[in-house]
Amino acid sequence: MGDAYSDASRAYDREQMEALFIQNLTAYLRPDCSESEAESLLLWLKSVANNRSGSDCYRWDFGRFAWLYRDFSAGAVKLKQGDQETWARLLGAVDDIQFADLKKISPWADKVLLIVHYDHRDGRGDFKYALVRLIKENKSWTVGKKVLVVLPSDILEKIEPIDIA
Numbered sequence: 001m002g003d004a005y006s007d008a009s010r011a012y013d014r015e016q017m018e019a020l021f022i023q024n025l026t027a028y029l030r031p032d033c034s035e036s037e038a039e040s041l042l043l044w045l046k047s048v049a050n051n052r053s054g055s056d057c058y059r060w061d062f063g064r065f066a067w068l069y070r071d072f073s074a075g076a077v078k079l080k081q082g083d084q085e086t087w088a089r090l091l092g093a094v095d096d097i098q099f100a101d102l103k104k105i106s107p108w109a110d111k112v113l114l115i116v117h118y119d120h121r122d123g124r125g126d127f128k129y130a131l132v133r134l135i136k137e138n139k140s141w142t143v144g145k146k147v148l149v150v151l152p153s154d155i156l157e158k159i160e161p162i163d164i165a
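Taken in order, the sequence shown gives residues 1 to 165; the numbers are from full-length UniProt numbering.
The set of hints was computed from the structure by calculation and includes no laboratory data. Incorrect hints may have been included.
[Stated by the list, open to error] Quick list of the computed label-pair ranges, beta carbon to beta carbon:
{"hint": "1", "residue 1": "R64", "residue 2": "S6", "range": "19 to 25 Å"}
{"hint": "2", "residue 1": "A19", "residue 2": "D110", "range": "22 to 28 Å"}
{"hint": "3", "residue 1": "A8", "residue 2": "K128", "range": "35 to 41 Å"}
{"hint": "4", "residue 1": "D110", "residue 2": "L20", "range": "26 to 32 Å"}
{"hint": "5", "residue 1": "I159", "residue 2": "D71", "range": "38 to 44 Å"}
[To be verified] BS3-like mimics (lysine-lysine), calculated; alpha carbons at most 30 Å apart, straight line:
{"hint": "6", "residue 1": "K78", "residue 2": "K136"}
{"hint": "7", "residue 1": "K136", "residue 2": "K104"}
{"hint": "8", "residue 1": "K78", "residue 2": "K103"}
{"hint": "9", "residue 1": "K136", "residue 2": "K46"}
{"hint": "10", "residue 1": "K111", "residue 2": "K78"}
{"hint": "11", "residue 1": "K136", "residue 2": "K158"}
{"hint": "12", "residue 1": "K128", "residue 2": "K158"}
{"hint": "13", "residue 1": "K146", "residue 2": "K78"}
{"hint": "14", "residue 1": "K146", "residue 2": "K136"}
Idealized CB from N, CA, C, for every residue including glycine.
Start from the sequences, fold in the hints, and give me the full structure.
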């Protein structure tokens, strides 16, 4: 059991480590990353992942990257190979700035990406219901999923926003 200051400090430390982890993971995944740089980044990333997912009860990390820490070696290989499911999961876990940086090197660098919370009720209109129907028909997911929707890049040219306020 901890006090509020300890809990806040741990949360801050985790946020800082997550940001540094994603920054280094992004550098590792860049196509222009040299082999020697990739080796040292991978060693650092594995070290952090092992520490964050260790069996010591004080090292368990239930943060947004716990799924990646648990089996980082396999996750890193999948990301390097362009595995879409792993990339989607990573993009769904990061903040907006990290999302923009990672999207540039993702399998969908030239696509329009939209993250949809399948259980949220905000928004109205045909697009929302078309997405819900598509998700239900193609994946049969239960309510509560977070989904990455990949759209063709020319979709933006076809959108006509109209101010209704």
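Has the given pair, K136 with K46, been kept, meaning a C-alpha gap of at most 30 Å? Violated, at about 37 Å.
Cβ-Cβ distance between A8 and K128: within 35 to 41 Å? holds (37 Å)
Holds or violated: K136 to K158, with C-alpha atoms at most 30 Å apart: holds (25 Å)
Does the structure keep K78 and K136 at a Cα separation of 30 Å or less? holds (26 Å)
CA of K111 to CA of K78, is that 30 Å or under? holds (20 Å)
Given the hint that K146 pairs with K78, does the C-alpha gap stay at or below 30 Å? Status holds; Cα separation ~20 Å.
Is the Cα-Cα distance between K78 and K103 30 Å or less? holds (16 Å)
Confirm or reject the claim that I159 and D71 have a C-beta distance inside 38 to 44 Å. Holds, since I159 and D71 (Cβ atoms, about 39 Å apart) stay within the stated range.
S6 and R64 - C-beta distance against the hinted 19 to 25 Å: holds (21 Å)
Go ahead and decide if the range 26 to 32 Å is satisfied by the Cβ distance of D110 to L20. holds (28 Å)
Does K136 sit within 30 Å of K146, going by the straight-line distance between their CA atoms? The given pair, whose Cα atoms are some 13 Å apart, holds under the 30 Å limit.
Take a quick look at whether K128 and K158 sit within 30 Å of each other, Cα to Cα. holds (17 Å)
Hint violations for this structure: number 9 only, all remaining hints satisfied.
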